[in-house]
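What follows is each chain in one-letter form.
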Amino acid sequence: MNGPIVDARGLHKHFGALHVLKGVDLRVAERELVFVIGPSGSGKSTLLRCLNRLEEPSSGSVVVDGIDMLDPRTDINHARQRIGMVFQSFNLYPHMTALGNVTLALRKVAGKSRAQAEALGRAALERVGLADRAEHTPGQLSGGQQQRVAIARSIALEPRVMLFDEPTSALDPELVGSVLEVMRSLRESGMTMLVVSHEMGFARNAADRVVFMDEGAIVEEGPPAAIFETPAHERTRAFISQIQRH
Amino acid sequence: MEAIVQSFFNLEIIAASWPIVRAGLWNTVLLSLLVVPLGLLGGLMLALLASAKRPMIRWPLMAWVDFFRAFPPLVLLILLFAGLPFAGLELGGFVCVAIAFFLNTGAYYGEILRAGIDSVPAGQIEAARSTGLSRLQAMTYVVLPQAVRNVLPDLLSNTLEVVKLTALGSVVAVPELLYQARQAQSLTYNPTPIVVAAIIYFVMLWPVVRLLSRLENRAFAGR
Ligand SMILES: Nc1ncnc2c1ncn2[C@@H]1O[C@H](COP(=O)(O)OP(=O)(O)OP(=O)(O)O)[C@@H](O)[C@H]1O
Ligand SMILES: [Mg+2]
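For the record, the sequence lines run as chains A and B.
FYI, in the numbering used here the residues of the first sequence are 1 to 246.
FYI, in the numbering used here the residues of the second sequence are 1 to 223.
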């Protein structure tokens, strides 16, 4: 068996006086889908953002696909191509078409020609079921479609791991399904995924492991059934009963 | 009435002074084509530096921008023109105008572009950086196009001011429109050339003013 794709150890993050991550250890194996749950402000987003160094960890180590992300000699822009990231608010470029969104990094970072980039970009849009929306701008797409374009923008770069930060929280309930469907098919294609989300149904039948975070630390982790039905910690139990009431 | 026409709308004078005024018009166009891009370039540099958000850069930058916005451009121009020769630099009026505008209008363009950059949500840069774009690439392809679109009315209105300000060149003997018109006035002992220059300025700038007010109405309707 190969080493883990994501290997974060002893991660600490301070924002001024605020201690947001307090020694987080997290490993994600190849093809594994790991869910991260926890109360608002527990540091889930910060953890994800430390993995691709959108946020600079205060201490600890992050190795992704064998690359030391915190080594100053690492070409961070090159390394980031291997780590897809999907945001709660989509963050599509509003002044470009869907295809333009998907091809920008292919052309400017991966160094593809325009023709190559467009072929790869259309293939990525096809994978998220939006081949016929390539020429639409984000403003002409529904929230669910925008999020799928955002996923296409990441997978077009053929990342080794995908980070999702609450990908469905900004969506109307009837649009959540289409995004989860795309995530499920990504998973079936063997993508390694780390997902911050409170979609319990999805976690139950797609996740290999659920990690519960509180106050900047991992409280417990395990298979979805164990975490959801027989949590070991009181804090986990309280959190799960709280979100199940919604 | 007759006297007014004789002094201000004198056709003979117009015909006689036209070659002089026309040369001025040409120089004003050239000057504008030089100082507008120069000011935009200066402004872009300032705005990009400001977006780095490092205190080490930020404070000197703010001081710079404040200084050149508070400094009357006419005084700046005369100071450069009169002062640089003492520093051993004989640069001529044209170059002095270019430097003064780079400093003065650059500071204004810089503030406008900085506001534009600030108006683009941080998530745009994060998305771009997460796909591996460098900071400069994220700025160039993602942030600046949106920033410019968001502050287009302000950029245009500043450009309008810049073109009007090129008339300052006349005090350091740059033969632009106003300077040439005054030359023609003193040659003909008649203010008609000044009226001609005024009309030319108006005809040149009025379409920009129209465009601007259409943009502003559109922005207003879009709210
Ligand atoms: N750039 C920042 N500067 C200062 N404080 C920050 C910054 N980013 C996050 N924080 C703080 O760090 C803590 C953890 O934030 P984080 O966004 O990681 O939590 P989260 O678990 O993702 O919460 P949510 O479920 O609400 O998204 C919060 O208290 C937040 O206010
Ligand atoms: Mg969050």
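Source of the hints: derived by calculation from the structure; they are not laboratory data.
Careful, some of the hints might be misleading.
[Stated by the list, open to error] Pairwise CB distance ranges, derived in the manner of DEER restraints:
1) Ser113(A) with Trp18(B): 31 to 39 Å
2) His14(A) with Val148(B): 31 to 39 Å
3) Ser113(A) with Ala115(B): 48 to 56 Å
[Unchecked claim] Over 12 Å on every C-beta distance to chain B, these chain A residues come out as not near it, computed from the model:
4) Ala29
5) Val109
6) Ser113
7) Pro159
8) Leu180
9) Ser241
A virtual CB, placed ideally from N, CA and C, is assigned to each residue, including glycine.
Here is how each hint holds up against the structure:
A C-beta distance of roughly 54 Å is found between Ser113(A) and Trp18(B), which places it outside the suggested range of 31 to 39 Å. Judged by the Cβ atoms, the range 31 to 39 Å given for His14(A) and Val148(B) holds: they are separated by roughly 36 Å. Checking the proposed 48 to 56 Å range against Ser113(A) and Ala115(B) shows it is violated: the Cβ atoms sit about 36 Å from each other. In this structure Ala29(A) is separated from chain B by more than 12 Å, as the shortest Cβ-Cβ distance comes to about 22 Å.
Not every CB of chain B is more than 12 Å from the CB of Val109(A) (nearest about 4 Å), against its label as outside the interface. Residue placement check: Ser113(A) keeps its beta carbon more than 12 Å from all beta carbons of chain B (closest about 17 Å). For Pro159(A), the shortest C-beta to C-beta distance to chain B comes to about 9 Å, within the 12 Å cut-off, and the non-interface label is violated. With a least CB separation of 21 Å from chain B, Leu180(A) remains clear of the 12 Å interface cut-off, as annotated.
The beta carbon of Ser241(A) sits about 32 Å from the closest Cβ of chain B, which is more than 12 Å, so the claim that it is off the interface holds.
Hint compliance for this structure: hints 1, 3, 5 and 7 are not met, and every other hint is.
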